[in-house]
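Trainee: One letter stands for each residue in the lines below.
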Amino acid sequence: MSRRSPYEFEGPAPEAPVWWTSLDDYATQQDTSPSARADLAAEMPEGAWDFSDPVSRRGFMTLMGAAVSLATLQGCRRPVDKILPYARTPEDVTVNVTSFYATVIDRRGDAVGLLVESHEGRPTKVEGNPDHTGSHGKTDLLAQASVLDLYDPDRSRQPTLQGATKTYADFEGALREALTGHTSNGGTGLHVLVQPSISPTFVRLREAVKARFPNARFHTWEAASASNARAGARLAFGQAVVPVVDFARARVTVSIDSDFLQTDPGVVRNTRSWAEGRRVRSPADEPSRLYVVESNYSNTGGNADHRLRLPSREIEAYLKALAARLVSEHHIDLGDVAAAVRGAQAPSGVDAKWVNVVAADLAAHRGASALVAGTRQPAPVHALVHALNQGLGNAGQTVKYAPVADANEADDHAAEVKSLSDALNANQVQTLLVLGGNPVYDAPGGRALSDKIAAVAFSAHLSMHADETSEKCKWHVPRAHWLETWGDAQSLDGVVAIQQPLIQPLFSGRSDIEVLGLLSDAPSYRGYELVRETFRTQNAGNGFERAWRRALNVGIATSAVSPVGPGLRGAEIIRSLSGRNAGAPLSKTNLEVVFAVDAKMYDGRHANNSWLQELPDPVTKITWDNAAMFSPKTAEELGIRGGDMVRLTKGNRSLEIAAWVLPGHADNSVTLPLGWGRTRAGRVGNGHGFDVNPLRTVEAPWFEDGFSATSMGTRYPISQTQDHHRMEGRPIAIETTVAQYREQPNFAERMSPTPRTLPLWRAPNAYEGHKWGMTIDLNSCTGCNACVVACQSENNIPVVGKEQVGRGREMHWLRVDRYFVSPRGQGDADERATSDPAMAVQPLGCVHCENAPCENVCPVAATVHSTEGLNEMAYNRCIGTRYCANNCPYKVRRFNYLNWHNDGVYQPLDGDMPEIVRMAMNPNVTVRFRGVMEKCTYCVQRIQGRKIEAKRENRELRDGEITTACAQACPADAITFGDLNLRGSRVSELARTDRRYKLLGEIGTQPRTTYLARIRNPNPEMQG
Amino acid sequence: MQIFPRSLNRLPAIVAIGVALAGGLVTSLVWYYFTPKHTHVGYEPRQPVPYSHWLHAGQMGMDCRYCHANIERAAHAQIPPTQTCMNCHSLVRTDSARLAVVRESWETGRAIEWVKVHRLPDHAYFDHSVHLSAGVGCVTCHGRVDRMEVVRQDQSLSMGWCLDCHRNPAPNIRPVDQINNMDQNLSGTAQPPRQLAPPQPCSGSHR
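So the protein lines, in turn, are chains A and B.
Residue numbers are given in this note's numbering: position 328 of the first sequence equals residue 328, and the series is strictly consecutive.
Residue numbers are given in this note's numbering: position 70 of the second sequence equals residue 1094, and the series is strictly consecutive.
Chain B extracted, bound-state conformation (with noise of 0.2 Å):
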């Protein structure tokens, strides 16, 4: 007697081949979905103008704020215009190749064409602001740009990213003068300016 039908033969071998397609999948959804290439750490992309953030910040120790001016008070953090290379560059290195780009900015009135680096995920609403305000400082999510011959993506700007720190701030707080001090150490070694309560309802970022 025949509990079986014949057709359940194949069954192992389907099982089988199942379970590696399903065993892929959930790798290849593991490798992409857990690691930062989904989030784009790391995203370097080349600009217009072969711009030294380890000279200009590192090296010389400009203040962040001096090009990315308003931060202070804005939700975007300005990339400067081309007057504020121009600011130096009418006298410093005027005839440099490198700056050609900016010249010609210059000259025409038309945009230098950056490329985003740190890039949000639409529907989200940022601002730069209030988190300065806090005593977050630009290392904590821009990482040390001051090393960076080309900027790049240091963290992973993803909404768990946002929400660790809102649901306990206090390890990313640093001194509010210090806001632009490159010193990873600094952060939660100061008492924030105000009671913090960083946002966690969806309206927070998402208007």
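Chain A on its own, in the form it takes in the complex (with noise of 0.2 Å):
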């Protein structure tokens, strides 16, 4: 081998795949003039200098002259600070003392356990509970960055008659009098919507209400709603039940069209058991296979060894096909419903490898292997899919089947508010109660019936914000965040925890069950008798008290229940299965349409939660907005670019939305994700991306073809940070197959070697006591971002807003770069590699480099390097000279232009930042100020504060009690923080395993953070 030169990079070996960010940045890579290469070596965008804030010359001397003088008069006088004590300490608080309390939280029908960090009263970090099997102590995206809603400043501080405040006994005397009518005649005209709950009490209530008014109305619905899953196990088996599906023990997968690695029910849980069977700790292990066969180019689809492009509505089809295989080839006995996919065909364009290679590899795994089915697809496809489980084996072995939280929810949510819209344009209604949820903007045909409800006589809506619907009715009454609620929630697999407030309602709203306990005529109507009430009918007998007790303690209520083992009804899921027809072929000018769950959004119900807003979505890296996804080929067909204005078109439907080219996506269809272009959600979500329910029917609720979509010759704005802090096409996010890592275990590092080349000065530090390192496993990492909302809410890393991110100034301090990765090649690599790339995401931080070259540049020493190797920033030294972050080669410092927290999103602005803002900051950590620089400490002030509870215990640090937030959180375990020198330790032992390499070795800064290279395990049979 020729000797390499050290701190030169020699570009991509031949045979390497290509990585690449975007569809410019694939161009720039293979057109090696210099005029492209000058277009994106600009590392800013175009604009990114341009200084046009609405601060007039008058405006800064007004507030350079208030500055100047505060200033003066600081430094003339001390000022005084005042201390204010309790009168009287709250039992269990200490001042300056953390606590944490255990609580749950539902996250999409699944219930994730949680330990909820507490500054004297103050929850502002949420993380897993341990103990809790939805959670095993991690968390996801969402549960992360819901503590910020609870400190959301546009919550609705008190109820509301048709605009004018009211009290809550206005509110509760006006109810009972709506419901004086309904008494006598059994509640006829009473009707409730509601959201589909996994809360005991509320499926109690709910049912007590029921009895109170045996006509009265119930309605589920969600926009995300989960329900076809739920009818498709109906139709398998004849009973609600969930499959919970174990995908550590499952070596192969088959996702159809599920993303149950972000939007899809149980995230945590599956990533978590995703993760475990991926691992690889030798070249002996053989990691578990993934098939996806997916429209959009979900997250699940990004992590997948075989990843399948096919519009939603053909997946059936495909499914059909590769059921008929199994039957057909390899004698997997369905039952009667091998009859209904007899001689099924693949859609057309389908590789029939897709087909006979997947059946084969399911066949030679029984009972090892599983397919899910994505909650998007209609209730046949899960029923099917229950049937290949079954099958296969795999039902009771990687698929196990649990009773669902409300066996009496129903199962078709589209359809309850298709009954609720009738009762309303029959003048049916004489009561509307909406418990959470907002009908109006997110069902289909909500605009519509909006008129209809502001008719209807008594109407309230329970809802954190006066939004959309609480415009129509006439009460408005504010819900309670439920970290300021008590409740409870059933798991997937059973589990029930309590739901354990952590701080005094901060605008006095009311809990769902609250409202519903005041329906049912309940005793009390508090939450805590609720919950208590259910729980004593649940655990009768002595010891009440003290099992409630300890089941707050430790955040489990009861333990899970034994899964059920179903029969399947083959008649019934032949019936539904037979004549289905896709329809006409698509085209260009007959799109079909999906609807997605969005990662951040959700149904829209975060649009005012700013971290997410700012979050660069997992895959389409756009922030602070939505847009239509098409694929290269499809856009370029219709002559669309990124960032075009496009009419979608169906009869008298139409929808004007921004696009997005999406490489990997599904030709001639295109995403739609939800919960975008609310109007009334706040000063935060107001006006972002763009509302898509429009064109969302209660028929086809989630997919439908027919349309067609014409360019508006207009351009849209889109923030999206794929391309900022760049690598240049060097080797970042190294992958390899399994094969190829058993022939050469050591390829990472080959790829990214340490030079060895004497330093020029004598090292200072010989780190003799703890050595902080970090690993991130890129096999295990999922790119799910609950690492950067954990990073965000941890260290008080703060918002700029949609048109800062356009100009590069995001502050975040841990991102995850998504890389599209495809292979080098000829002819028509092109057209190949941007229409179906894999693709590759990598967390990076600062790397805290023992050879730092931020620390060189710093004129003032704000930068430097601590005795334990930690890279500092010393904020109050920094003067904002931006060398260091111009010569970090990881591009992780991040600037201060403004003083964001202020300057922020929560604009118009009535005079300072919020004191309901600060409230959501760690107080261990500074919140900087306009013009310092800063980056990621590895959470210096948890290593600080565990160390110095060993140090006050007269103890050594264990290893694993420091953890970084982002390590924490991450439900793939894919982080790991310790110390280095410790011998044993999990990080110590990691940083040594052959796939480790160093990011950007080759340039000697010798990072602390060790990466572990990424293992696909393609099937050989699917080559060539």
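Hints in this document: simulated from the structure, not taken from any laboratory.
Do not take every clue at face value.
What the hints assert, rightly or not - Here are the simulated DSBU-like cross-link-like pairs (lysine-lysine), alpha carbons at most 35 Å apart as the crow flies: (1) A:Lys210 to A:Lys353; (2) A:Lys210 to A:Lys452; (3) A:Lys82 to B:Lys1140; (4) A:Lys947 to B:Lys1140; (5) A:Lys474 to A:Lys166; (6) A:Lys633 to A:Lys650.
Said to hold, decoys possible - Among chain B residues calculated to face chain A with C-beta under 7 Å, some are: (7) Tyr1057; (8) Ala1098; (9) Ile1103; (10) Thr1106; (11) Ser1129; (12) Lys1140; (13) Val1141; (14) His1142; (15) Phe1150; (16) Ser1153; (17) Ser1157; (18) Pro1222; (19) Ser1227.
Unchecked claim - Simulated restraints on C-beta separations: (20) B:Val1200 to A:Phe544: 36 to 46 Å; (21) B:Arg1030 to A:Val857: 17 to 27 Å; (22) A:Asn876 to B:Arg1122: 37 to 47 Å; (23) A:Glu956 to B:Leu1045: 50 to 60 Å; (24) B:Ala1194 to A:Glu956: 16 to 26 Å; (25) A:Glu956 to B:Arg1122: 22 to 32 Å; (26) A:Arg157 to B:Ala1221: 44 to 54 Å; (27) B:Arg1030 to A:Asn876: 28 to 38 Å.
Owing to the predicted nature of the structure, the values given are computational and were not obtained by experimental measurement.
We treat Cβ as the ideally placed atom computed from N, Cα and C, and that holds for glycine.
Put the two chains together into one complex; each comes in its own frame, and the hints tell you how they fit.
Mentor: Here is the structure:
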């Protein structure tokens, strides 16, 4: 091997794949002409340097004058600080000692047990509860971000009646009066719209209300409803059960349009077990294999070993063909159902390998494989997946069926909306209660409902914001945040946990169960009493108080229920599968439109959460907006570029939306993310993105064909980060296949070697004490972005707004880079590469170089090295030269161009930053001001805190005691933090595994963060 | 032949004035920054309640930790809640005029607004508990509080002052069971309870 120059990058090896972040980037990498390179070499996007803020010279002078005089005053006189102790100290509060309380959050039908950090009664950070089976100490993106919803200054503060401020007593009086009319007629004309719930108390109270008003109607609706899965289970088994997949044991998984790693139910549980099944400790380990069939490019698709892009409506045909092959070739026993799939053909254009090889792989792993159907697919697909899992012997092995939390919930949520709208149209509704949810915004035909709702005699809407639905209802009642109110939640495997509030309702909100308690005429309708009552009935006998306290302490009330083994009802499945025709072939004039649950906004309920707005979408990297996703081929046929406004039309329905070209998307299919384009979400969420609900219908809530798209000729500015912090085509997110890994286990380090040159000067530190380090296992990381929000929450990281993100000024200390990966090749390689690339993700924060380039250039020694190897930032020394950021090869330093916390997103800001926003801050981390550089600190406040604890107890630190916010949140357990000098510590073991490599090792920075390369497990049969 | 232009005639005067100004500036800067005035040593603000540490801690010998409880496990030394005062003063001197503010706070539930004496520079994080467990006594940083009628800042609390001890802690270590003893001579008399490694890098105090 020739000697390699240590400080020069020689360009990628000829056989290495192409890593690229966007279509522009791909084109640049293929085109080596200087002009193309110059285009993208400009790190900052166009206009990044414009100073066009709406600050006038007069405003600037006023502010500067005030600042100067204040500074002068401060210099002369010591400010008088006050200390305000409690008059009476609350029980269990020790000032400045953090406490944790166990509670639980409902995340799309699964319960995630949590431990919430509280500072003097102020919850600031969400962590997983290690004892809860839905969490195992881990959390997801939305659970992490939901703490910010609590401190949203735009939350409604008191009940209103047609805009006029009222009190709760007024509302209760009015409701009781409205109910008196219903007591005589058994509730005829009383309609309650609720969201699907996994709370046993909710279910109990709803049944109590039904008993009191037998003629009352409950309608269940959620825009991100998973009711198809429920209906599918009922089709297959005659009862509503949920499949809980153990991905750790499934050696082969086939995802049928399911995004089980990001938006489908059970994300935390799924990610954990999936990562366990993928774990590679040595070349002897065999990671599991994942096939994904989907239309949109989802995060799950990004983790697939083989991915087939198909329009959503054709996936059913593919599944039937797969089933037929399994029956005919591999003699899988599907019973009666076999008749329904006999002779089924895969949709045209699908490579026969996708049927034959996948079927063979499944058949070779009977009892150790799994099929998963996405919530978007219709009930018959779910039923067929159940039948296949039974036939393959997976049921009871890798797929277990658990009873649902709410057996009486309706199976078809779209029909529920329909029945409500029928009742409204027939003027049969006298009293309408909307508990949570926002049907005027997100129900199919919601806009048409709104006038009807306004005409109802008594209507009330319980919600956190005075939103689109509140506007149409007579009463609006503030709803309590989940951290403010008592409740309970049952996880997919049947574990019930108590939702314990950490704070009194900030705006005296009420919960759903409290309003139901009022309706049911319960003796007390305080949440606490209602939840205790449920628990009391489940735990009859003595020792209730003891059991209750234990449930609150541990965070678990009842243990998992044993799985059920329901029998298949073949005839029903056959009936449901027959007579379903795909319709006319898709083309650029007959487009399929697919609605997708948004990874950040969910169904729109998180629209006013600035952390989520600013978080780049895990796949598209778009911030502050959604867009219609087109495949490169379809976009080219229609003459659409990313950022063009397009009009989607079918019949009298049409939608104007920005287009985005997403490599790997299915052709002739358009994905529309739900939850955007809110008009009454609050100051943060209003006017961001496009509301796609007007295209949704009761008949086809998830996908529908027959649409046409036309470019409107106008452009829409989209702020996305995929080309920020570029890495110029170097081998960054290193990966290989199992076969090549076994051939050369240390392949990664060979691609990114550390130079063996002598250092210029003696290393100042020997690192004899602690030596902090981190490993990030790219093989486990799914790119879910939970770490990014966890970091934001822990470290008081500000948001900057859409315009500033467009200038590349986002502040995330930890980002998740997403690369598309395609093989290098000739001929039509470009076409294949951009239409069907694989995906690689890489979380990247400060890597804490031992030989840090940033430290050498700081003129004021504001960034220096600690004796434990941390690259430290002393904010009060920083004068903002930004030399360090320019000299950082990893592009992880962030500069406060403005005082983001104050000049941030709650605009127009009346006065100073609202007090309530400050309550979300972590008191152990400095809130940085304008003009200061910042970056990942390895959560130094946690390191120091645990060190102090250990010193106080005169003992050594234990491994795993200190963990960073990102590592603690990561549901895949991809991030490990610890002491590299501690013998046997997890991080030191992992940093020595053969897949290790140092990012840009060849430039000799000696990072403390070690990456472990990703191992794909492609099926050799699928190649060639 | 004139070598120097006429304009240089004023040079001596300019130099003299410049030297005088610079000298004055240097003097005033030294005056301010090199004396305890800058670090506010001796800062002794009026408190809303004329509470006497001399009486309570000195004459009556109350343990510091009776009021400043939790100090052994918390970063902050807690200023006692009104409740702590009322533990005794609901029985002792129940109608003293000097205690009117305390009684009012107890009745209304509103906090007493004590004036902060020991103010650390911004961005500095300090933890009392870890210093106590190492054997640094109260008196080392806070002085003879038992002799103060009104609490006064005794030490500079500057970064250099912190680092002096972090670089060489031994002279300030006393037996851990003597941390609340106000005898300054006890400092430096004991072996620390553990291998002391006080942090000197920035992140030890700045996060």
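Trainee: Determine for every hint whether it applies to the structure shown.
Mentor: Hint check:
1. Restraint check: the Cα-Cα separation between A:Lys210 and A:Lys353 comes to about 53 Å, which exceeds 35 Å; the hinted pair is violated.
2. In summary, the hint linking A:Lys210 to A:Lys452 is supported, as the alpha carbons are separated by about 24 Å, within the 35 Å threshold.
3. Proximity of A:Lys82 to B:Lys1140 is assessed by CA-CA distance (about 5 Å); at most 35 Å being required, the pair is judged to hold.
4. In summary, the hint linking A:Lys947 to B:Lys1140 is supported, as the alpha carbons are separated by about 28 Å, within the 35 Å threshold.
5. A hinted pair counts as satisfied when its Cα atoms are at most 35 Å apart, and A:Lys474 with A:Lys166 qualifies at roughly 12 Å.
6. The hinted pair formed by A:Lys633 and A:Lys650 meets the criterion: a straight-line CA distance of about 21 Å does not exceed 35 Å.
7. For B:Tyr1057, the interface hint is violated, since its Cβ never comes within 7 Å of a Cβ in chain A; the closest pair sits about 12 Å apart.
8. Taking 7 Å as the C-beta cut-off, the interface hint given for B:Ala1098 holds, the closest approach to chain A being about 5 Å.
9. Taking 7 Å as the C-beta cut-off, the interface hint given for B:Ile1103 holds, the closest approach to chain A being about 4 Å.
10. Checking B:Thr1106 against chain A by beta carbon gives a least distance of about 4 Å; that is within 7 Å, so the hint holds.
11. This hint holds: B:Ser1129 has a C-beta 5 Å from the nearest C-beta of chain A, less than the 7 Å allowed.
12. Because the smallest distance between the Cβ of B:Lys1140 and any Cβ of chain A comes to about 4 Å, under 7 Å, the interface hint for this residue holds.
13. At its closest, the beta carbon of B:Val1141 sits 9 Å from a beta carbon of chain A; the interface hint therefore is violated under the 7 Å criterion.
14. Taken as an interface hint, B:His1142 does not check out: its beta carbon lies about 10 Å from the nearest beta carbon of chain A, beyond 7 Å.
15. Evaluation of the B:Phe1150 hint against chain A yields a violated restraint, the C-beta minimum of about 11 Å exceeding 7 Å.
16. Interface restraint check: B:Ser1153 against chain A, minimum CB-CB distance 6 Å, threshold 7 Å, status holds.
17. Below 7 Å, beta-carbon pairs count as interface contacts, and B:Ser1157 has one with chain A at about 5 Å; its hint therefore holds.
18. At its closest, the beta carbon of B:Pro1222 sits 10 Å from a beta carbon of chain A; the interface hint therefore is violated under the 7 Å criterion.
19. For B:Ser1227, the suggested interface contact is upheld, since its CB lies about 5 Å from the closest CB of chain A, less than 7 Å.
20. At about 45 Å, the beta-carbon gap between B:Val1200 and A:Phe544 stays in the expected band of 36 to 46 Å.
21. One distance hint, 17 to 27 Å for the beta-carbon pair B:Arg1030 and A:Val857, is violated here, with the actual separation near 48 Å.
22. Between A:Asn876 and B:Arg1122, the C-beta spacing of about 41 Å keeps the proposed range 37 to 47 Å intact.
23. For A:Glu956 and B:Leu1045, the Cβ-Cβ distance of about 58 Å falls inside the hinted range of 50 to 60 Å, so the restraint holds.
24. The given range of 16 to 26 Å is respected by B:Ala1194 and A:Glu956, whose C-beta atoms sit roughly 22 Å from each other.
25. A hinted range of 22 to 32 Å is violated for the C-beta pair A:Glu956 and B:Arg1122, which are about 50 Å apart.
26. Distance hint check for A:Arg157 and B:Ala1221: the Cβ-Cβ separation is about 51 Å, which falls inside the suggested range of 44 to 54 Å.
27. Separated by about 51 Å at the C-beta atoms, B:Arg1030 and A:Asn876 break the suggested range of 28 to 38 Å.
The structure shown violates the earlier hints numbered 1, 7, 13, 14, 15, 18, 21, 25 and 27.
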